[in-house]
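Participant: Single-letter residue listing:
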Amino acid sequence: MSVLVNKKSKIIVQGITGSEGTFHSSQMLQYGTNVVGGVTPGKGGTMYSGKGEDIFIRPVPVFNTVSDAKAATGCDVSIIFVPAPMAADAILESISAGIEVIVCITEGIPIRDMIPVQAALEGSSSRLIGPNCPGIITPGECKIGIMPGFIFTQGPIGLVSRSGTLTYEAVRQLSDVGLGQTTCIGIGGDPIVGTRFIDAIKLFNDDPKTKAIVMIGEIGGSAEEEAAEYIKKHVKKPVVGFIAGQTAPPGRRMGHAGAIISGGKGTAADKMATMRACGITVVESPATIGITMKQVLSGKAPSKTSSKPSVKKLVGKKATAKKATSKKSSK
Amino acid sequence: MKLLRKYRSGSVNSYLNKIRRELFNIEDHMNIHEYQAKDLLKQYGVPVLRNKVVFSAVDAGAVAFTDFVAQGVSVIVVKAQIHAGGRGKGIVHHPATNQVIEINGKPLRGVTVVTEGNLADRAFQISNGLINNKLVTIQTGEEGKIVRRVLIEEGCKIEHEYYCSILLDRSVGKNVIMVSTEGGVEIETVAEETPEKLIKVHVDPTAGFMPFQARELAFGLGLSGAPLKSFVSFITTLYAAYETMDCSMLEVNPLVVNSDGAFIALDAKVNFDDNAEYRHPEWAALRDIEEEDMLEVEAGKYNLNYIKLDGNVGCMVNGAGLAMGTMDIIQLAGGRPANFLDVGGGADTERISNAFRIMMSDPHVEAVLINIFGGIVRCDRVANGILQALKQVDVKVPLIVRLDGTNAEEAREILRKSGLNFLVAATLQEAAEKVTEALTLKAVTA
Numbered sequence: 001m002s003v004l005v006n007k008k009s010k011i012i013v014q015g016i017t018g019s020e021g022t023f024h025s026s027q028m029l030q031y032g033t034n035v036v037g038g039v040t041p042g043k044g045g046t047m048y049s050g051k052g053e054d055i056f057i058r059p060v061p062v063f064n065t066v067s068d069a070k071a072a073t074g075c076d077v078s079i080i081f082v083p084a085p086m087a088a089d090a091i092l093e094s095i096s097a098g099i100e101v102i103v104c105i106t107e108g109i110p111i112r113d114m115i116p117v118q119a120a121l122e123g124s125s126s127r128l129i130g131p132n133c134p135g136i137i138t139p140g141e142c143k144i145g146i147m148p149g150f151i152f153t154q155g156p157i158g159l160v161s162r163s164g165t166l167t168y169e170a171v172r173q174l175s176d177v178g179l180g181q182t183t184c185i186g187i188g189g190d191p192i193v194g195t196r197f198i199d200a201i202k203l204f205n206d207d208p209k210t211k212a213i214v215m216i217g218e219i220g221g222s223a224e225e226e227a228a229e230y231i232k233k234h235v236k237k238p239v240v241g242f243i244a245g246q247t248a249p250p251g252r253r254m255g256h257a258g259a260i261i262s263g264g265k266g267t268a269a270d271k272m273a274t275m276r277a278c279g280i281t282v283v284e285s286p287a288t289i290g291i292t293m294k295q296v297l298s299g300k301a302p303s304k305t306s307s308k309p310s311v312k313k314l315v316g317k318k319a320t321a322k323k324a325t326s327k328k329s330s331k
Numbered sequence: 001m002k003l004l005r006k007y008r009s010g011s012v013n014s015y016l017n018k019i020r021r022e023l024f025n026i027e028d029h030m031n032i033h034e035y036q037a038k039d040l041l042k043q044y045g046v047p048v049l050r051n052k053v054v055f056s057a058v059d060a061g062a063v064a065f066t067d068f069v070a071q072g073v074s075v076i077v078v079k080a081q082i083h084a085g086g087r088g089k090g091i092v093h094h095p096a097t098n099q100v101i102e103i104n105g106k107p108l109r110g111v112t113v114v115t116e117g118n119l120a121d122r123a124f125q126i127s128n129g130l131i132n133n134k135l136v137t138i139q140t141g142e143e144g145k146i147v148r149r150v151l152i153e154e155g156c157k158i159e160h161e162y163y164c165s166i167l168l169d170r171s172v173g174k175n176v177i178m179v180s181t182e183g184g185v186e187i188e189t190v191a192e193e194t195p196e197k198l199i200k201v202h203v204d205p206t207a208g209f210m211p212f213q214a215r216e217l218a219f220g221l222g223l224s225g226a227p228l229k230s231f232v233s234f235i236t237t238l239y240a241a242y243e244t245m246d247c248s249m250l251e252v253n254p255l256v257v258n259s260d261g262a263f264i265a266l267d268a269k270v271n272f273d274d275n276a277e278y279r280h281p282e283w284a285a286l287r288d289i290e291e292e293d294m295l296e297v298e299a300g301k302y303n304l305n306y307i308k309l310d311g312n313v314g315c316m317v318n319g320a321g322l323a324m325g326t327m328d329i330i331q332l333a334g335g336r337p338a339n340f341l342d343v344g345g346g347a348d349t350e351r352i353s354n355a356f357r358i359m360m361s362d363p364h365v366e367a368v369l370i371n372i373f374g375g376i377v378r379c380d381r382v383a384n385g386i387l388q389a390l391k392q393v394d395v396k397v398p399l400i401v402r403l404d405g406t407n408a409e410e411a412r413e414i415l416r417k418s419g420l421n422f423l424v425a426a427t428l429q430e431a432a433e434k435v436t437e438a439l440t441l442k443a444v445t446a
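Chains as they are written, first to last, in my numbering: chain A, 1 to 331; chain B, 1 to 446.
Extracted from the complex, chain A is given alone in its bound form (with noise of 0.2 Å):
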């Protein structure tokens, strides 16, 4: 089981004959994603299996628009590797075609860009994860975005972040200790995304082979506040959760419009001390998220308050974190 995407997904690629859609479209490939085609303006009616270095394990057809895509093979599941200047008109092309999961990869898509997206995804049955993230990965069973598949293992953890090699990070940490995911999504960082925080959590709650949720936020916005409201009320699955940018000197005043509308609770101290008011298992440092959920889910969790690790905790669990790394380069 798994949220939003599995092995039945039909997944086109829209921007496949570029370079950097045909180096993710032959690693996703590689990684067993059902690939049924690509969209490349104009090229349509060919096949298309890679070039230089990044050969495909089998040609996938390339069409000329996602309606022609989506009519041929059925997909339900769109990447999308278009540079930013036409990034968002390839994302409502999918919206309007019907597309049921739309992950934009691209980094950069102005705002101006966006906001007639965002209006255009409400009144529409597809969803959108980013721009500007890693995408999506169900482990063993299908990888749509640009993570590193080998790292990831199946199992009971829902994880949710708005930044990449962080993910990464985490990720590895949790298999290390032996915690498979169900389903890892990237959000994205950008201003407006089409999948929030909250998004994710409702559906990693209502996923019944989800036993736990990571979160990983960044300082700025409120939408983890707003997802801890959620977990508070909703949620009865542990959330362990970290917050990235905590260096942030406290209290200079910004002075302007974006402190009041954007930044007024988007310290990491905020959104930590939110986070924790609301039940979720917050740690202080980026390297403990894996052995924290290990705790959490054997109920020897450190108690909501408590669990801030001064540098020698942080030495005390050391013995812990190199056994599971040991375990794991022994495979």
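No wet-lab data here; the hints were simulated from the structure.
Keep in mind that this is a model prediction, so the values were computed, not measured.
There could be a bad hint or two in this list.
Here are the computed lysine-lysine pairs in the BS3-like style, where the Cα-Cα straight-line distance is at most 30 Å [stated by the list, open to error]: (1) B:LYS174 x A:LYS233; (2) B:LYS174 x B:LYS42; (3) A:LYS43 x A:LYS7; (4) B:LYS200 x B:LYS89; (5) B:LYS269 x B:LYS157; (6) A:LYS232 x B:LYS174; (7) A:LYS7 x A:LYS300; (8) B:LYS174 x A:LYS202; (9) B:LYS89 x B:LYS106.
Derived contacts from chain B toward chain A, CB cut-off under 7 Å, selection only [what the hints assert, rightly or not]: (10) LEU168; (11) ALA276; (12) MET324; (13) GLY325; (14) LEU428; (15) GLN429.
Calculated Cβ distances over 12 Å to all of chain A for the following chain B residues [as the list claims (entries may be wrong)]: (16) ASP39; (17) GLY117; (18) ARG170; (19) ALA226; (20) ARG381; (21) ASP394.
Backbone N, C-alpha and C define an ideal beta-carbon position, used for all residues, glycine too.
Starting from the known structure of chain A, fit chain B onto it as the hints suggest.
Facilitator: The following block gives chain B in isolation, referenced to the frame of chain A:
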């Protein structure tokens, strides 16, 4: 996520700006001066006062005479142009001696209104005090900012000061327009103490900003008659400018109404959405390199995301989230991060080498932590890059390297065999402990 970096024309990076804004509360890279903001607004038909920028005191005097006094202007305002707010209350200091600059026995401030005497002489005198001296405001910190440009502007009879801003409300994914009768003060205070005095409307992306919304705002401010008409026109024009210019924020504070009932932007703060840089070639000319940190400008040349901080542990990481997480680790380990440095996806030899050089040119660095999680990037390549870099850069401080992910074992082997003095860590936890050790040793030997 290396995707699309190459589609950017300049070195301005939105993710870096996000970090700047949210982690350090530092102003955006793509910041422009007040006079530039006013020039742009004027082009869109937003009313601003007659003004002219000068780069020297002599020009200030000349401009004050020919463009203002000779045109019948009897009040002028002399405004220091720096990338920071709080100029009106800010005080000018000598950059070397830190002595307060005084004019007629009074400390010189960033903004001076001249109502009497020989206006041209006074403009010269004030500009002479401003240019090449440093202005310290609540937003610059103690180090202040050197003034290099001065704006001369005509004075205006102010009936009332309002506040107005436009920006994205990301909780709903729509632009929001905010106005208040409490202009000229810090808006955060208004939002905290009298939130009812802040009037907001969200702009529906399908319909756009509608006249009824402009009227709603106007009535919310208690306007009627000529000022109401003027405000509706002002805010409509301002919103059009915000959209067309791809701003991420546009703030007019104070927005004033003069004795004729006309609304005028007395100050303007424009932030651009850096993601839209590709369709705004004109932005390049607005950049003021002198306002930016030299190391950061240097880093920008190599497309490195670097922000200098004042800590003692340098760090080099791939990915912004992991970079922030690594900085948190450094802090928990007893150190203070000396910088934020995200080398991004394509961590090749040259990139690593340049990143290294820039990081090490900060004399306060007492230890270095390299933390790379190789996803698509292969760790063995990164390890070789580090070795290459070390041939070019002399490192005298403990160097902790943590490489994990693709080909991590091979990478660690390469580092071990190099004969160089690395502290190699396998996990993030181990890296944190090695940072603590390195700093403790340093403290003991010192």
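Participant: All the hints need checking, so say for each whether the structure fits it.
Facilitator: These are the hints, each one checked on the structure:
1. B:LYS174 x A:LYS233: holds, 27 Å
2. B:LYS174 x B:LYS42: holds, 25 Å
3. A:LYS43 x A:LYS7: holds, 27 Å
4. B:LYS200 x B:LYS89: holds, 28 Å
5. B:LYS269 x B:LYS157: Distance ~22 Å between B:LYS269 and B:LYS157 Cα, so the pair holds.
6. A:LYS232 x B:LYS174: Status holds; Cα separation ~27 Å.
7. A:LYS7 x A:LYS300: Outside the cut-off at roughly 35 Å; violated.
8. B:LYS174 x A:LYS202: holds, 23 Å
9. B:LYS89 x B:LYS106: holds, 13 Å
10. LEU168: holds, 6 Å
11. ALA276: holds, 4 Å
12. MET324: holds, 4 Å
13. GLY325: Holds, because the Cβ-Cβ distance from B:GLY325 to chain A comes to roughly 4 Å (cut-off 7 Å).
14. LEU428: At 4 Å from the nearest chain A Cβ, B:LEU428 passes the 7 Å test, so the hint holds.
15. GLN429: This hint holds: B:GLN429 lies near chain A, its Cβ roughly 4 Å from the closest one there, short of 7 Å.
16. ASP39: Given a closest Cβ separation of 20 Å, the condition holds.
17. GLY117: holds, 33 Å
18. ARG170: violated, 4 Å
19. ALA226: holds, 27 Å
20. ARG381: Holds: least Cβ distance 14 Å, greater than 12 Å.
21. ASP394: holds, 28 Å
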